[in-house]
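Please model the complete structure; the sequences and the hints are all you need to start from.
For what it's worth, this note's numbering labels the leading residue of the sequence shown as 1, then goes sequentially.
What the hints contain is simulated information worked out from the structure, not anything from laboratory work.
Heads up, some of the hints might be wrong.
[To be verified] Calculated pairs, EDC-like style, for lysine to aspartate or glutamate (alpha carbon to alpha carbon, straight line, at most 20 Å):
1) Lys39 with Asp251
2) Lys39 with Asp49
3) Lys223 with Glu137
4) Lys259 with Glu137
5) Lys259 with Asp395
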Amino acid sequence: MANDKLLSLLTSVGGWTIGGLLGGLVGSLAAVLLTESIKRSLDAVSRLDTVWLLLLPLLGVTLAVLVLHGLGKGKAVQVLVSPKAALPLRRLPPPTWYSFPHDVMRRLPPPTWYSFPHDVARADLSADVVATAGAEERFPWNLAPLRALAILSTVGLGATMGTESPAAHIGVATGVWLGSTNPALRRLVRPMAVGGGAAGVAALMGIPLVGSFFMFELSQRRKVPIAPKRVAAMLAGGLVGWGVNVAFRLDLIRLVVPKVSPADFWDGVAAALFIGALAGAITALTGEAIYWARGLPTKPVIRLLIGGMVMLSLAMVIGLIATPTAAFGPGGAAIIWAETVQTSPYQLLAVALLRAASTTAAVVAGGCGGVFVPFLAIGDLSGRVFATAFGIPADLAGAAGAAAGITGGYRLPFTAVAMVLGIGGPSTAKLTCLATVVVAALSGLVTTRAVNTLSSSLFTTLRRKRSSAD
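In structure tokens form, the structure reads like this:
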């Protein structure tokens, strides 16, 4: 009896591992193709004059809106699944700090070819991955070509959005497509989807466990059971994605590696406390603003006009404070500016806050991209605020801030830990970054709860006033 159970477990894990490897291979290649196209486009556009750096991001977002709302058809409602159309998998506990309150944990209705369901947030890439976790065969892979075009125009033309969520989205979509369209592989759809998503992220980052933990943490927003076979697919996909990165010698994202350790124990403690608290709070606020923006029921044209005007205004202000390139793209140019130019803590903090607002404005306008890389940049800049004041090495401050950014803003603490351990550096520097992740998680939790409590009390007060007026 025990042998039969062990054999069944090994067979299941083996099948999911094979599915994860196969899905990881095709998913990572598709994600790399898209990301490499974005990188080449950014390289070409970044060489243009300042006026183009200001205007082309607006053009990119406009094209994304036209693709998603024109070719995609359907009514433009920016929520994932309406209460009436939702098909609950099971009763779920109330959302915590770890799961965004706007993540809808229900199955998507079956999509039609090249036409978005009326209740889908077309620019929210992580939402599909979260909503179909545990039921990946329902992932709307047929809409991936439209989203890929929108991603390429948004991120490739310089809007302040990133490539990590697109890599996961395209990886999952490719795995589901391959499994769904081949009868022989239909039983492997789920592991191929999981492996494809993990591989896409791992190929982008060059760190296998980052891709695995990224998919794991997204699935936990739906409380998907942690089964050995699912873990095997995640690990297999992450390994394949890392292998693709190494085999093709890819350099798709710029990660700051800490090279200098803190001078002493107390410098490390100060770095963890101050950087974690600031970066965690800023990115947590940004995350709340982004998910609020995605839920706005405003018409796409109005969103585009308002968001586009704010994007342009913020880019001009960043150009005055720093340089026009610091406002351009997912955030790599802003980090290079911080590394190569003599700056003050006030400039760094201002650019971090302005880029946070710019990413939110891009979401309001309808841009299609990720926020993982922008959070890395916002956290990096926030961390560097304390480099001079507390005598913390700039590269350590940036690396710690980046890890804090994805912890507080994207709420991916395990992914942040995997990134810290994967990029390397002196042991004490890595310990400082790990401590920063813990502080950022607490800072993000406190900030999010404070914002939610304040907003709830404000809405309650407004409703009472309206009721009394009536």
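Looking back at the numbered hints, which does the structure fail to meet, lowest number first?
4
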